[in-house]
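Asker: Here is what each chain is made of, one letter per residue.
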Amino acid sequence: MALLKGTLDVLVLKALSWGPMHGFEIISWLEERSGGRLSVVDAALLQALHRMEERGLIAADWGVTKNDRRARYYRMTPAGRAHLRAESEALGDQVDAIATVLAARSAAR
Amino acid sequence: MKARGIRDGVRRLFRLPLRTDDIVHADADAELASLLEERVEHLVLRGMTPEQARAEAERRLGATVAEARDTLHQSAGLRERRMQFQETFDDLRQDLRYAVRGLARRPGFTAVAVLTLAIGIGATTAIFSAVHTLILQPLPFREPDRLMKVSLTAPPVGKLPAMTDMVWSYPKFQLFRDQQQVFESVTLSSGGRQFNVTGGEAERIGGEEVDSRYLPTLGVQVQRGANFPLEEDAHPGAPRMAMISDGLWQRRFGADPAIVGKSIELDKESYLVVGVTPPGFRGMSGQADLLVPITVRPADDLGEAQSHSYTLVARLKPSVSADQAKGAVAVLGTRVAAAFPDAMLYKGDWGAIARDLDGTRLAPIVRQALFVLFGAVSLVLLIACVNLANLLLGRAHARRREIAVRLALGARRARLVRLLVTESVLLSLLGGASSVLVAWGGAHALAQVSPESALRTARGSGVGAVGFSSIQLDTTALFFTFGVALTVGLVFGLVPALQATNPAISGTLKEGGVAAAPARGARRFTSRQLLVVTEVALALVLLAGSGLMIRSLGRLLGIDPGFDARNVLTLRLNVPSAAYVRDSMPAFYAELTDRLGALPGVTDVSLSDCPPLAGGCNGTRIQFLDQPPVPLAQSPGVGVHWVTPTWFATMRVPLKSGRTFNAGDRMGTPKVVLVSETAARQFWPNESPIGKPVAVGQGGFSDGEEVVGVVGDVRHRIDTLSKPDVYLSYAQSPTARIMVFIRTAGEPLALVASARRAIREIAPEFPVYDVQPMTARVADSMARARFSAALLAIFAAVALVLAVVGIYGVMSFTVAQRTREIGIRMALGADRNNVLHLVVGEGIGLAGTGALVGLAGALAATRVLRSLLFGVDTWDPATYVAILLLLGGAAALASWIPAKRATRVDPTEALRYD
Chain D
1 MALLKGTLDV LVLKALSWGP MHGFEIISWL EERSGGRLSV VDAALLQALH
51 RMEERGLIAA DWGVTKNDRR ARYYRMTPAG RAHLRAESEA LGDQVDAIAT
101 VLAARSAAR
Chain F
1 MKARGIRDGV RRLFRLPLRT DDIVHADADA ELASLLEERV EHLVLRGMTP
51 EQARAEAERR LGATVAEARD TLHQSAGLRE RRMQFQETFD DLRQDLRYAV
101 RGLARRPGFT AVAVLTLAIG IGATTAIFSA VHTLILQPLP FREPDRLMKV
151 SLTAPPVGKL PAMTDMVWSY PKFQLFRDQQ QVFESVTLSS GGRQFNVTGG
201 EAERIGGEEV DSRYLPTLGV QVQRGANFPL EEDAHPGAPR MAMISDGLWQ
251 RRFGADPAIV GKSIELDKES YLVVGVTPPG FRGMSGQADL LVPITVRPAD
301 DLGEAQSHSY TLVARLKPSV SADQAKGAVA VLGTRVAAAF PDAMLYKGDW
351 GAIARDLDGT RLAPIVRQAL FVLFGAVSLV LLIACVNLAN LLLGRAHARR
401 REIAVRLALG ARRARLVRLL VTESVLLSLL GGASSVLVAW GGAHALAQVS
451 PESALRTARG SGVGAVGFSS IQLDTTALFF TFGVALTVGL VFGLVPALQA
501 TNPAISGTLK EGGVAAAPAR GARRFTSRQL LVVTEVALAL VLLAGSGLMI
551 RSLGRLLGID PGFDARNVLT LRLNVPSAAY VRDSMPAFYA ELTDRLGALP
601 GVTDVSLSDC PPLAGGCNGT RIQFLDQPPV PLAQSPGVGV HWVTPTWFAT
651 MRVPLKSGRT FNAGDRMGTP KVVLVSETAA RQFWPNESPI GKPVAVGQGG
701 FSDGEEVVGV VGDVRHRIDT LSKPDVYLSY AQSPTARIMV FIRTAGEPLA
751 LVASARRAIR EIAPEFPVYD VQPMTARVAD SMARARFSAA LLAIFAAVAL
801 VLAVVGIYGV MSFTVAQRTR EIGIRMALGA DRNNVLHLVV GEGIGLAGTG
851 ALVGLAGALA ATRVLRSLLF GVDTWDPATY VAILLLLGGA AALASWIPAK
901 RATRVDPTEA LRYD
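Same order as they appear, the protein sequences are chains D and F.
Just so you know, the first sequence maps onto residues 1 to 109 in my numbering.
Just so you know, the second sequence maps onto residues 1 to 914 in my numbering.
Pulled out of the complex, with its shape left as it was, chain F reads as follows (with noise of 0.2 Å):
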């Protein structure tokens, strides 16, 4: 039996082994037969024989010798173990008290490295939560992994690119309906669909038009009424119907219980109310309010072949696997290609594609943008793991003295592991749950990111039915938040504890061992300076991301839209088609502007039928007359824009050449057109455009027109260079597309009230929405690139003050560890100044070979951004500089602070410091 001298309570003091099995089961024995023998020599002294004494000695037992030291072992073993539990109890709640204690007394430390987990883990939480919502997360539909979206596809014709993703017309989705054999059902829809609900208060609201089959194969069941009847049993003459969502009938309907049988008006037409979704249902849109049958609209519409505009969505059968599926999807493409010939640019080539309906929920632009945040703030974690790493190292090494006699008393390695690692978890417990706070506030941020401004991309394509309002900061996430802080307590704790425990190591009870031994002290500085060199390096990264998302946004902003968007209000005008008579209509244009004219305070009054910077404005193909004819495909593409002659007065965008539209340019005369100067330098390079015969594809003016006038250009989508436009005159092609842009002598909001009663006067059926100063356009149409810049921006700056923190923990070890080396060169003659320099030169050299390691890594990493920046490259070299600058700055900064307090050692002290 091996360290007999140790009594157990001692053992237990100083962490050492304690008794196995077998040693528990022999000092049993031991006991037994001392008892046994001290009986038998007492009773031999009172005169038995030795044979008597023992035969009474195991009577007295009260059992046999061997039954009793069964039961012993056991009894022993027993106490053994629920002793040894106890023990590991206290083992633990001493350790924790321990750790504790020892935060406690260094609340600097604590409070750092707290803070450091609290934004890290934090942040990655509430990036993680959006990821988890928008990505993560299966789509509110029954097993919406057996759905798939069907796309028509259509390979490149001249200029024009493939197309992979085009939506369906209902011919060509009824073949597809009946003939396929792999989905369960198939369904149709138009997404984003608008409304106006007449009938009281005129209310703009989202639908979308399905087919009988849309519910059922998204699995959602309606909460009251019935899904519309099948096409094929509607009988011809039926009332129309529509369904209506959980938040329209509570909002408008005050929750009426008797609301399916009811009739309600939408653009002036009766429909019959069938059912009530369930609530949180908004369609695959997310924003549909309202369900019509597709069948609403007009049969010849319907019919026609070649107008695309639906969305299929199928559900696979379940003994069809989605590559079967896709397998049969392309099959059945041709044949609905040979079945509807396309006689203008297709012809029969057109095919079809299914593709996991979750892999569509977000626009790939907006994926990405997530994927970078998301990679940025597992940086961020990253250096702020580094940082406590960094931290606990310090921490470990300045104890080293006492897990030094630790180790020299027998305390087991493992054991005091343990000990340290405790105090690494509770840290980064108590890190965890204060990053709790911080990703709460961030989780509640981005919900507040509305899809219409900051990714307007997420809308139109994909399914938008998980939006970013639905991001909160579900047990998900915080089970993320949990897990996260606990492998960063366990593993940056236990890296510095194997070290410091590491006997070859700290085998040193001499105070003086680091400077006696600078071999040993050498390398593990070296470790230290590694994780500094690493956190610049990655803070580096993460600069130069955002300083290129910064750089991007300052283009963006600085570029020149082309109009002054100074005191203009804008609001959309909605003419529900039933109202739509295309003569009447240039009369409506002019009351409309007559009346608003009159207003006081408006100075200005036009009309165009699309905001500039928004995008989604018009397109079509242009012809030149006066040139051999080239196929309409192989012809330019120009953006297409109706305005009222005042436009370009209103919006202050110059005429630079010929003459704008004027109160002759009517249906009946001669159709004229005004291009813009990109458009003329690019169609008539070295010529006058003005006098021009062109045919421009749309609004009727497909049979030629005449060039007029060239005006400056105006930038129609914030991320694209200047584009060729056409602009056309309402007069000459009327449309119900109007929004009206009105220039105030002072604040452009002032004027919504009067502007609102003004039309309510001449068109009450006609709502006004979407009301807005020209100058919040702008803000929006940048709000994404704000957007990520803002973030980015953030989490640099958060790994900024991360790798300052570490460069200072470092230099200011450093600088205590080498008092005494200070202390000679001081005595020996070395001045403030060279101290100073030694000290922060060495900081410097720190955080320069992470910034040469990060800058390799920067270049390969921001190539992801490629496609989310404007107009700067990803190397771009001012940006580069910028950052490391910065860098530089602020690791002299973080280093000069120990380096002043290393030139105030005194050289008697710190010769004598030992």
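The following block holds chain D by itself, in its conformation from the complex (with noise of 0.2 Å):
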């Protein structure tokens, strides 16, 4: 399932709210937690990585994975905390209005 237009910046946020990771972590966990449904292209990825980071909402460090492979490690900022909670509040609401759209039609049929 490709993805929502700026949807890709909160999920990122989301999976660092649980601590930080490097980019293939990131995509791991987006993967597993959509059981699947939602597939990142790597290369993509990184760039968004790259431009969250431009931004301040994330920070990186390079450390070692568990297979003892240097990686660069992403965490969160108090700024990107902050943008998480609002957009996330925000693409719920759209989704939220989206359904009720979606419902309301095949409800009037």
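Calculated directly from the structure, the hints in this document are not laboratory data.
Please read these numbers as outputs of a predicted model, since none were measured by experiment.
Incorrect hints may have been included.
Here are some chain D residues pointing at chain F (derived, C-beta under 10 Å) [unchecked claim]: (1) Ala43; (2) Leu49; (3) Arg51; (4) Asn67; (5) Arg69; (6) Arg72; (7) Gly92.
Calculated Cβ distances over 10 Å to all of chain D for the following chain F residues [claimed, not checked]: (8) His42; (9) Arg93; (10) Lys262; (11) Asn502; (12) Asp564; (13) Val602; (14) Asn662; (15) Glu706; (16) Ile762; (17) Glu821; (18) Ala827; (19) Thr849; (20) Ala860; (21) Gly871.
Across the chosen pairs, the derived CB separations fall in these ranges [said to hold, decoys possible]: (22) D:Arg70 <-> F:Ala816: 52 to 58 Å; (23) D:Gly19 <-> F:Leu490: 46 to 52 Å; (24) D:Ser88 <-> F:Arg401: 46 to 52 Å; (25) F:Ala816 <-> D:Ser88: 55 to 61 Å; (26) D:Arg70 <-> F:Ile824: 33 to 39 Å; (27) D:Gly19 <-> F:Asp906: 29 to 35 Å; (28) D:Gly56 <-> F:Glu51: 37 to 43 Å; (29) F:Asp906 <-> D:Ala79: 52 to 58 Å; (30) D:Ser88 <-> F:Leu490: 49 to 55 Å; (31) F:Leu45 <-> D:Gly19: 21 to 27 Å; (32) D:Ala79 <-> F:Leu486: 34 to 40 Å.
Don't be surprised by glycine CBs; every beta carbon is placed ideally from N, CA and C.
Fit the two chains together into the complex; they arrive one by one in their own frames, and the hints show the way.
Answerer: Below is the structure:
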């Protein structure tokens, strides 16, 4: 399933709210939590991470994975937490509204 | 990759180097590789072969590896650049916040620094605005750099000096105008003419007589009406014409829109108004509210080739350079001389010279006074800067520990310097902002200086169009202030910052570092001491300059003018030429003095043609008829003054021998003159002048008369020693130049109204003007000297205060640094007096060194003052002794306070202090 525009940032922030992760961990977390329904294009994710770091939503540091591999670990900044709260509410509202509209149409029939 | 172990956040906190492009790209590549590997590993665990897993991983990447790498390089680079920019901005904000907090924490330091700069920069800006307005700003004419002033020249003859800046006669001008090829247009004007506007309230206004090419040459357009018609087109019998200034139009004619074509009455003659000049234009003299064609002059006067009274101004042709014009003018000068040979004095040796009009706008002495003031104020600014550098150096020193920590953590030096410089720039900008107040006040005060008083010489010579009244704080001056402030902050903050961050000097973390390493401490010390020495030296130069000016002013105030100025009211009476009938004048003088003398409160009334002390009186040559004849050009010069018989009594000028004028000295009786004491001493050193036959070249006296008395010397010019003077009687030599001197029993100004009324009753068409008590004229004549002396004294006082602050700062610092040493000395038995001597001695030693350096500088620098000084040598010992004592006292005081503090050091405390 392709992602709605602008939702990737919120999802990444949601993932990072659980703790610092590197890129692949974020991807795996999203796929796992969505029951495999969400698939993220890897290059797009890395690009999104750079963009979010630039905006100060997340911060990065190099670390070592369970498998002794060097990886860039991302964690959420206070600005990111605030962004997540605001955006997930907005996104929830939006989804709710869309669902309501679709339901209303079928009821009218 | 270096220093991997330090996290980015820590790096930022401690100003450590962030990443370069290469590192950023490598990071992005590593991240991509790591992601791919993680996925491959993940897929292999799910049972794929490594080949399958890699293919799947690349598929999931959404692009080829190369493509992904490119986009990631781009996004990472973008991220890094934006973050770095943000960081720089944050840094700046942080530096600024840091600087503000630092300055707020030390309000004393901040106040002293800001005040120092405000005074230094403010005073400089004020004087700069004067220099800018009076010297640098272009003249208010079109393309002023194309305008030249052409003057006649004459070689020295006998004792007469060479003439280099003579005015023209109309015939010579006509020849020059018609033969020259280098100028696009040539014009002439008479500066500083006075006209009486009659018809309604009589009023005296300044004007110029000009030719029809005056406005076109200057590039000025009339705002209504038209320019005068060309002289060649003027038809005989045409009405007299006039142009009026915008100011006169508004003031006297209520901005009458139909003024052009109306007639006004000037000196009892009717003139047709043909135009109104634009606002702000008052002729080249800067005083003219009226322009009239030069042809209103009587034809025989205008046609007199040796009657020189007009200034010639010309506009260069576009294709001609100033140098070419100068050459052409020199050639034309000889042609003019050949055409109008001067039988008397110069024969055919006249010449002509062209100079830039711009260079003639200020009298040389005023220009010089301004440059002296600008030099002085620059010294004040320099001292202020030195003081600031000193303060900053002390501050950087106090922070050396913090700086050492930062350097040890690997902070870049440039970054630290920026931090320190931010503080000094902030300081200097604060100082610059406050200086605007000082500058505004200063410029305002300068604009009050009227050219008639303080800088009298500004009038008459040069272009008066740019006057002191036009001085104001304009944008140029403000830019100047801002530029100076910024430069000061950068330069004088950079040096201490570089020094403080020099690892060789501040590479110590130990608080006791300075005490433990005296060599290093001493070196830093010396640079601060050097600054104080500089400061004292500069202050001494200023003190010397102002001391000399004050001494000179004292001399001016101290000289005996030769008369008693108290309780004398003076006023001028203008007798229009149309109303002047020579033979009826003596009766008018008598009526005038009788009428005024009858007023209650008046004890004595008399007339003279020229007020004492003001200069500008008549002068001529005197010949001695009982001696072998001497060519006129080699006869001595004398001042000529017209008086009524009682003038000497009115002014309390003593009669030394012989008699004064009396009622018997009238037209038709034998001509007699009085001479001044100096004249008597100079011309008849060993005999009495009484009864000597002389011939004075003015007032119809050139055919011989007799000296009948000697009177006391009266100073007719403020700035020269007594010159020989000759007095003629109004009754024997009537003249229209009348100044009335009224001695009063009480306050002279109380008589102004009744005196005016009395004059109006007997001579309603003669305007009364220039009404002043004689004491005001005396004060006025000293205004220029007073003005320069006062300004220089203010600058010197400021410089002295700044130098004292500098000495105080350094001595306080020394005492704080040497607390331990002083403690040891006291523990070893030194008493308070020893300590006091130690510290004060060092302070005076510093000041003494500075004074020695300054003395040499002052002796050199004050030479430029020579022409501004009156009766004082530039090396006047009394002045130097006085300022050295003053400086020594100030230095002792400045180091006494820290010394007193040093004596309170508790030895046990001091030894524990570390």
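Asker: Does each hint hold? Answer for all of them.
Answerer: Hints versus structure:
1. The interface hint given for Ala43 (chain D) is met, as the beta carbon of that residue sits about 4 Å from the closest beta carbon of chain F, less than 10 Å.
2. The interface hint given for Leu49 (chain D) holds, since its Cβ lies 8 Å from the closest Cβ of chain F, which is under the 10 Å cut-off.
3. Below 10 Å, beta-carbon pairs count as interface contacts, and Arg51 (chain D) has one with chain F at about 6 Å; its hint therefore holds.
4. At a threshold of 10 Å, the smallest CB-CB gap from Asn67 (chain D) to chain F is about 7 Å, leaving the interface hint in force.
5. With its C-beta approaching chain F no nearer than about 6 Å, Arg69 (chain D) sits inside the 10 Å limit, and its interface hint holds.
6. Look at Arg72 (chain D): its Cβ gets to within about 5 Å of chain F, closer than 10 Å, so that hint holds up.
7. Given the 10 Å rule on beta carbons, the hint for Gly92 (chain D) is violated: about 28 Å separates it from the nearest Cβ of chain F.
8. For His42 (chain F), the requirement that its beta carbon stay farther than 10 Å from each beta carbon of chain D is not met, with the minimum near 7 Å.
9. Interface exclusion of Arg93 (chain F) from chain D stands, the closest Cβ pair being 15 Å apart, more than 10 Å.
10. Under the 10 Å C-beta cut-off, the non-interface status given to Lys262 (chain F) relative to chain D holds; the minimum distance is some 77 Å.
11. Distance check on Asn502 (chain F): its Cβ is at least 34 Å (rounded) from any Cβ of chain D, clearing the 10 Å threshold; non-interface status holds.
12. Every Cβ of chain D is farther than 10 Å from the Cβ of Asp564 (chain F); the closest lies at roughly 86 Å, confirming the non-interface assignment.
13. Distance to chain D confirms Val602 (chain F) as a non-interface residue, since its nearest Cβ pair spans about 91 Å, more than 10 Å.
14. No beta-carbon of chain D is positioned within 10 Å of the beta-carbon of Asn662 (chain F); the least distance is around 105 Å.
15. The non-interface label for Glu706 (chain F) is consistent with chain D: the shortest C-beta to C-beta separation is roughly 106 Å, beyond 10 Å.
16. Ile762 (chain F), annotated as away from the interface, keeps every beta carbon of chain D farther than 10 Å; the closest lies near 93 Å.
17. The Cβ of Glu821 (chain F) lies farther than 10 Å from every Cβ of chain D, with a closest approach of about 51 Å, so its non-interface assignment holds.
18. Non-interface call for Ala827 (chain F) relative to chain D: holds, since the shortest CB-CB distance, roughly 56 Å, exceeds 10 Å.
19. Even its closest Cβ contact with chain D, about 57 Å, leaves Thr849 (chain F) beyond 10 Å, as expected for a residue assigned away from the interface.
20. For Ala860 (chain F), the shortest C-beta to C-beta distance to chain D comes to about 62 Å, beyond the 10 Å cut-off, and the non-interface label holds.
21. Even its closest Cβ contact with chain D, about 76 Å, leaves Gly871 (chain F) beyond 10 Å, as expected for a residue assigned away from the interface.
22. The given range of 52 to 58 Å is respected by Arg70 (chain D) and Ala816 (chain F), whose C-beta atoms sit roughly 53 Å from each other.
23. Taken as a hint, the range 46 to 52 Å holds for the pair Gly19 (chain D) and Leu490 (chain F), whose Cβ atoms sit roughly 49 Å apart.
24. Here the CB-CB span from Ser88 (chain D) to Arg401 (chain F) is close to 49 Å, well matched to the stated 46 to 52 Å.
25. At roughly 60 Å, the beta-carbon separation of Ala816 (chain F) and Ser88 (chain D) lies within the given 55 to 61 Å, and the hint holds.
26. For the pair Arg70 (chain D) and Ile824 (chain F), the supplied restraint of 33 to 39 Å is violated, since their beta-carbon distance comes to about 59 Å.
27. With their beta carbons about 59 Å apart, Gly19 (chain D) and Asp906 (chain F) fall outside the hinted range of 29 to 35 Å.
28. A hinted range of 37 to 43 Å for the beta carbons of Gly56 (chain D) and Glu51 (chain F) is consistent with their spacing of about 41 Å.
29. A beta carbon spacing of about 54 Å between Asp906 (chain F) and Ala79 (chain D) agrees with the range 52 to 58 Å that was offered as a hint.
30. Separated by about 50 Å at the C-beta atoms, Ser88 (chain D) and Leu490 (chain F) satisfy the suggested range of 49 to 55 Å.
31. About 22 Å separates the C-beta atoms of Leu45 (chain F) and Gly19 (chain D), a value consistent with the hinted range of 21 to 27 Å.
32. Under the hint 34 to 40 Å, the C-beta atoms of Ala79 (chain D) and Leu486 (chain F), about 36 Å apart, fit the expected range.
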